[in-house]
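A.B. asks: Sequence:
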Amino acid sequence: MATRTLFGVGVVVRNAEGLVLVGRRRAEPGAPLAVPGGKPEAGESVEECAVRELAEETGLRLDRGAVRTFACVLVPTERESWVVAGVAAFLEASDPRELEPDKFGSFQWIDPQRPPEDLFPATAALLERLPAV
Numbered sequence: 264m265a266t267r268t269l270f271g272v273g274v275v276v277r278n279a280e281g282l283v284l285v286g287r288r289r290a291e292p293g294a295p296l297a298v299p300g301g302k303p304e305a306g307e308s309v310e311e312c313a314v315r316e317l318a319e320e321t322g323l324r325l326d327r328g329a330v331r332t333f334a335c336v337l338v339p340t341e342r343e344s345w346v347v348a349g350v351a352a353f354l355e356a357s358d359p360r361e362l363e364p365d366k367f368g369s370f371q372w373i374d375p376q377r378p379p380e381d382l383f384p385a386t387a388a389l390l391e392r393l394p395a396v
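Basically my numbering = 1-based index in the sequence shown + 263.
None of these hints come from the bench; they were simulated from the model.
Note that the structure is predicted; figures quoted are calculated from it, not measured.
Beta carbons: idealized from backbone N, C-alpha and C, even for Gly.
Keep in mind that the hints are not guaranteed to be accurate.
With a straight-line Cα cutoff of 20 Å, these simulated SDA-like cross-link-like pairs (lysine to any residue) come out [to be verified]:
1) Lys-302 to Pro-339
2) Lys-366 to Arg-331
3) Lys-366 to Phe-353
4) Lys-302 to Pro-379
5) Lys-302 to Asp-365
6) Lys-302 to Glu-355
7) Lys-302 to Glu-291
8) Lys-302 to Pro-378
9) Lys-302 to Ala-356
10) Lys-302 to Leu-282
11) Lys-302 to Ala-290
12) Lys-366 to Arg-315
13) Lys-302 to Asp-358
14) Lys-366 to Ser-308
Derived Cβ-Cβ restraints for the label pairs, each shown as a range [as the list claims (entries may be wrong)]:
15) Glu-380 to Gly-328: 17 to 25 Å
16) Glu-280 to Pro-339: 30 to 38 Å
17) Ala-318 to Pro-384: 22 to 30 Å
18) Asp-381 to Pro-339: 27 to 35 Å
19) Arg-360 to Glu-280: 17 to 25 Å
20) Ala-318 to Asp-381: 33 to 41 Å
21) Pro-384 to Asn-278: 20 to 28 Å
22) Ser-308 to Asp-381: 28 to 36 Å
23) Ala-294 to Asp-358: 35 to 43 Å
24) Gly-306 to Ala-329: 18 to 26 Å
25) Thr-266 to Ala-305: 32 to 40 Å
26) Ala-329 to Leu-362: 15 to 23 Å
27) Arg-331 to Glu-280: 34 to 42 Å
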């Protein structure tokens, strides 16, 4: 049973073909596929967190005005529950880099309408709520 609730931000980046950027969460058992993201720093907005986390994890740069929050999901686990804000962004051309290879990498673009089975639970929940392109 979860004993605490944590808050995080997931950045759902789509490209010109409507595909979504995901990478392997190497710190998690089974290294599931997940969108970039993390926890906001003190005083940071959801959108600011999304821009910062995307840059830290992939090297991709977004303007804060280019992102928008589209969903908030609850993801319970045995250890804790997560409330995750989904932030949507669009990048016409992008080449993510593995800047935190011990935590997150092996980037790929997936079809959000036909997602792989090994998605991180928060990513799966956000993709279910992702607005159409």
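A.B. asks: Look at each hint and say if it fits the structure.
C.D. replies: Against the structure, the hints:
no.	hint	result
1	Lys-302 to Pro-339	16 Å, holds
2	Lys-366 to Arg-331	25 Å, violated
3	Lys-366 to Phe-353	24 Å, violated
4	Lys-302 to Pro-379	25 Å, violated
5	Lys-302 to Asp-365	18 Å, holds
6	Lys-302 to Glu-355	26 Å, violated
7	Lys-302 to Glu-291	16 Å, holds
8	Lys-302 to Pro-378	24 Å, violated
9	Lys-302 to Ala-356	26 Å, violated
10	Lys-302 to Leu-282	24 Å, violated
11	Lys-302 to Ala-290	15 Å, holds
12	Lys-366 to Arg-315	16 Å, holds
13	Lys-302 to Asp-358	23 Å, violated
14	Lys-366 to Ser-308	23 Å, violated
15	Glu-380 to Gly-328: 17 to 25 Å	35 Å, violated
16	Glu-280 to Pro-339: 30 to 38 Å	33 Å, holds
17	Ala-318 to Pro-384: 22 to 30 Å	25 Å, holds
18	Asp-381 to Pro-339: 27 to 35 Å	19 Å, violated
19	Arg-360 to Glu-280: 17 to 25 Å	20 Å, holds
20	Ala-318 to Asp-381: 33 to 41 Å	26 Å, violated
21	Pro-384 to Asn-278: 20 to 28 Å	24 Å, holds
22	Ser-308 to Asp-381: 28 to 36 Å	31 Å, holds
23	Ala-294 to Asp-358: 35 to 43 Å	22 Å, violated
24	Gly-306 to Ala-329: 18 to 26 Å	21 Å, holds
25	Thr-266 to Ala-305: 32 to 40 Å	23 Å, violated
26	Ala-329 to Leu-362: 15 to 23 Å	20 Å, holds
27	Arg-331 to Glu-280: 34 to 42 Å	20 Å, violated
Consistency with the previously given hints fails for numbers 2, 3, 4, 6, 8, 9, 10, 13, 14, 15, 18, 20, 23, 25, 27, ordered from lowest to highest.
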